[in-house]
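Chain by chain, the residues run as shown.
Protein chains: 2
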Amino acid sequence: MFSPNTYYERRKDLADFVSKGLIVLLGNDYSSMNYKDNYYPVFRQDSSFLYYIGLDKPGLVAVLDAESGECFLFGNEPTLDSMVWTGPEEGLIELGQKTAISQVLPIDLLGEFIKMTKSADREVHYLPPYRPEHVIKLSSLLKKGQREINAGVSLTLIQAIIHQRSIKSKEEIQELDKAADLSAQMHLHAMRTARPGMLESELMAQVQAIPVAVDSHPSFPIILTVHGEILHNHHYHNRLDEGKLLLLDCGAEASSHYAGDMTRTFPVSGFFTQQQKEIYQIVVDASDQVVFNMGPGVSYMDMHKLASRTIVEGLKAVGIMKGDAEEAVEAGAHALFFPHGLGHMLGLDVHDMENLGEDFVGYNDEIKRSSQFGLKSLRLGKDLQAGNAITVEPGIYFIPGLIDKWSSEGKLQEFINYPALHAYRSFGGIRLEDDYVITDSGSRLLGTPVARTIEEVEEIRAQAIS
Amino acid sequence: MFSPNTYYERRKDLADFVSKGLIVLLGNDYSSMNYKDNYYPVFRQDSSFLYYIGLDKPGLVAVLDAESGECFLFGNEPTLDSMVWTGPEEGLIELGQKTAISQVLPIDLLGEFIKMTKSADREVHYLPPYRPEHVIKLSSLLKKGQREINAGVSLTLIQAIIHQRSIKSKEEIQELDKAADLSAQMHLHAMRTARPGMLESELMAQVQAIPVAVDSHPSFPIILTVHGEILHNHHYHNRLDEGKLLLLDCGAEASSHYAGDMTRTFPVSGFFTQQQKEIYQIVVDASDQVVFNMGPGVSYMDMHKLASRTIVEGLKAVGIMKGDAEEAVEAGAHALFFPHGLGHMLGLDVHDMENLGEDFVGYNDEIKRSSQFGLKSLRLGKDLQAGNAITVEPGIYFIPGLIDKWSSEGKLQEFINYPALHAYRSFGGIRLEDDYVITDSGSRLLGTPVARTIEEVEEIRAQAIS
Chain A
4 MFSPNTYYER RKDLADFVSK GLIVLLGNDY SSMNYKDNYY PVFRQDSSFL
54 YYIGLDKPGL VAVLDAESGE CFLFGNEPTL DSMVWTGPEE GLIELGQKTA
104 ISQVLPIDLL GEFIKMTKSA DREVHYLPPY RPEHVIKLSS LLKKGQREIN
154 AGVSLTLIQA IIHQRSIKSK EEIQELDKAA DLSAQMHLHA MRTARPGMLE
204 SELMAQVQAI PVAVDSHPSF PIILTVHGEI LHNHHYHNRL DEGKLLLLDC
254 GAEASSHYAG DMTRTFPVSG FFTQQQKEIY QIVVDASDQV VFNMGPGVSY
304 MDMHKLASRT IVEGLKAVGI MKGDAEEAVE AGAHALFFPH GLGHMLGLDV
354 HDMENLGEDF VGYNDEIKRS SQFGLKSLRL GKDLQAGNAI TVEPGIYFIP
404 GLIDKWSSEG KLQEFINYPA LHAYRSFGGI RLEDDYVITD SGSRLLGTPV
454 ARTIEEVEEI RAQAIS
Chain B
4 MFSPNTYYER RKDLADFVSK GLIVLLGNDY SSMNYKDNYY PVFRQDSSFL
54 YYIGLDKPGL VAVLDAESGE CFLFGNEPTL DSMVWTGPEE GLIELGQKTA
104 ISQVLPIDLL GEFIKMTKSA DREVHYLPPY RPEHVIKLSS LLKKGQREIN
154 AGVSLTLIQA IIHQRSIKSK EEIQELDKAA DLSAQMHLHA MRTARPGMLE
204 SELMAQVQAI PVAVDSHPSF PIILTVHGEI LHNHHYHNRL DEGKLLLLDC
254 GAEASSHYAG DMTRTFPVSG FFTQQQKEIY QIVVDASDQV VFNMGPGVSY
304 MDMHKLASRT IVEGLKAVGI MKGDAEEAVE AGAHALFFPH GLGHMLGLDV
354 HDMENLGEDF VGYNDEIKRS SQFGLKSLRL GKDLQAGNAI TVEPGIYFIP
404 GLIDKWSSEG KLQEFINYPA LHAYRSFGGI RLEDDYVITD SGSRLLGTPV
454 ARTIEEVEEI RAQAIS
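Chain order of the listed sequences is A and B. To convert a position in the first sequence, counted from 1, into my numbering, add 3. To convert a position in the second sequence, counted from 1, into my numbering, add 3.
Mixed in with the good hints there might be a few duds.
Since the list can't tell identical chains apart, any single copy or any two copies may satisfy a pair.
As the list claims (entries may be wrong) - Okay, derived cross-link-like pairs now, EDC-like style, lysine to aspartate or glutamate, Cα gap no bigger than 16 Å in a straight line:
id : residue 1 : residue 2
1  : 39        : 361
2  : 39        : 362
3  : 308       : 288
4  : 181       : 305
5  : 408       : 84
6  : 379       : 84
7  : 280       : 461
The hints are simulated quantities; they were obtained by calculation from the structure and are not laboratory data.
Here chain A stands alone, though its shape is the one from the complex (with noise of 0.2 Å):
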């Protein structure tokens, strides 16, 4: 947690964004596997809760009086069974005071208060809902329907909360800079004990263990398979083959919760082959090209549309597309390869504020989301600030179900050389993804440089293997 003050200060800064009314910022609560008392294993904080109030366990509430500044938090106290099955615990006057709030009240009596505030005909703000216990909750304090509930999120507070968090401070970049050096050590180890013949499931266990080892977890669902072009395969059941590619798609969470997302595609023999180098290197290229060019002030669709220009000169390049590549990029022909986004906001969330709504926080007035394949997959459209943290993660990738749909459909024959496909039919994908913070000059890389450029990956795989 960061100083009481810190958060004091972020919320009086919230009721004056937001003025009037009652503020809610729903804490989360443990989710049940397969019965009520047998959670998953990770407790996550809801990430606006996280922020403005810093406490980082189940079962409480804080409302935020947006007119008078005042702050409640509500939950339990600790019982005598809750010691014996669970250990000693803070009572809700320590909670508070750690977070600078003073006035603690029983969760039982949540429900009063918010009775008493809608009598008095104050509006009510809160978040959309992205766990179905949080629409139960609202339903039952609200006295309203799922459906009203979902229609009845707050526009006012969705945009001052994503104007703040936007925004990182200065000991927000530290803890982006710590979760993105514990995922560096998640890579490394990777690229360090990757051997042919292992299963993706023994080398997930060794990269998991990584950030468990030091009481934290993954910031999402590790993505470590030789099919890459599967963009989110969840899948550890096949074995990494000689000559096959490893795309490790993962990150760690610092203790504070700020989240570091990576991405490295290495080969599981020491050494690329001269294909697997061709295409590489364009990844590396249009990530380049990206880092060189960003900077405050500067339209990240238009760094999307770079990397995508740059992914098509250079497949031109082996032959795979032809034509003008700006012409291609704007008719989408790219997307074929590269059928995602360049990279979305990183903070407390792995893509930063997603359950406030992609489009408010990627997008805005001036600039709309398109709905052309592939770039609709882009979750951040608008011009960057200093503060933002974000990450640049181009790829390219050989999907055997894509390319035979729009084959059989001859689309955009204009610029893609369908024949030239098929050497690449069992090639997988490749993905580079680094994190960073936009300066008031340019960028900096968050943590520490892992091994990226063809030399750098062969060298630690050459060491590995031998």
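With the hints as your guide, set chain B onto chain A.
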């Protein structure tokens, strides 16, 4: 998965037992962490869905007509987007074939299907919702409020399922053996790997990696602590100091999701102290007594009391307790040191069928749950039957907060020698747990035996440390 016919036969028996109306079996979905698409890494299917349908993927619902015996599978077909993002998947027809269901329908039609059933005035049977998503789905399907949904669960369906799932078939017992074997590996690895000076989290990461490496996962959140006196301690921030006892309560799921659940307690140093040996041996004795005496027709409540008496006799011998052992147990004096139950049913859930209602699983009209501290936590009171799978897990704990409370009240001082407890204040806790199946003549240990006597444990630990 078992053969399609296994599921067909199980559903036939279920339909016969319930005899009237429609049975809705809700499959589980992914559970969101901090935004909708950031799931907990492990998808856990509902166990009754696994038992009757066997399909281990999210987004499915099965409806069984208790009168005709017909079964319908509702789900979504794969899309182009799902192929690109999460890979090629089987369609509903192929899924249905794996479980002998020929009638497959888009999930969007489920509401209409249920509406027709209700308008025909047929009862809709469903199980108690243990995830908030279940409440929301049932509420929407049956057009009822949350409270009505919780009140409207089908006792007939609950009893039918408990009747079937309580007696394990030969093929289920094979899966329980596999789960126990994998759980045993976790324990052996911990005994061989733990070193003084390590953090609990470092060892935890390595223990968790054992099932993850074979594409499985722990069956419940791992308890790994030098504070074994906290029964369900899920913190891992302490250091393994010389002289302390480390309590590890963990298990793995087999790929079929049958669960293992074992506990071992071992010295961080190579050897137990004399004080630790004395208490440890009492727990071994309690376990041995139960295993020697349990079998079909034997009351598990009696086994709990037998273990409790053995603990009292042992604690009398070291001067901690006094008076008549049977009277002490009836008065609940042992519960200061053994405040939990002897064990529970085991199966597709680690506390098998706990979501159906603990009292339905473990008690009946004749054998009611006690309200006495300690005994009230016994999950299983009924007579054992051949085919039951259960845990046996006695323990002795020195819980400072509880000792202080009882001592200050002078509670049951005719049985407890409070002054003698000073020497045990920082002892921690010991629990030993193994999994058994009840046979026609007695019981059989599930899985490979793991070091358990003082000599066996010291042998492994002394080797590990040296």
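Pop the pair residue 181 and residue 305 into one bin, within, between, both or neither, using alpha-carbon distances up to 16 Å.
neither (29 Å within a copy, 54 Å between copies)
16 Å Cα threshold - placement of residue 362 relative to residue 39:
Answer is between; shortest inter-copy Cα gap is 15 Å, intra-copy 34 Å.
Intra- versus inter-copy proximity for residue 84 and residue 408 (alpha-carbon distance at most 16 Å):
Classified as between: cross-chain Cα gap 12 Å, same-chain 60 Å, threshold 16 Å.
Should residue 379 paired with residue 84 be assigned to within, between, both, or neither, using CA atoms and 16 Å as the limit?
between (51 Å within a copy, 12 Å between copies)
Checking an output row: residue 308 and residue 288, CA cutoff 16 Å. Within, between, both or neither?
For residue 308 and residue 288, the Cα distance is within 16 Å only inside one copy (13 Å; across copies 71 Å).
Homomeric proximity label, residue 39 with residue 361: Cα distance no greater than 16 Å:
between (31 Å within a copy, 11 Å between copies)
Between the shortest in-copy and the shortest cross-copy C-alpha distance, which are at most 16 Å for residue 280 and residue 461: within, between, both, or neither?
Within. Shortest intra-copy distance 11 Å satisfies the 16 Å Cα cut-off; inter-copy 54 Å does not.
Checked against the numbered hints above, the structure breaks only hint 4 and satisfies the rest.
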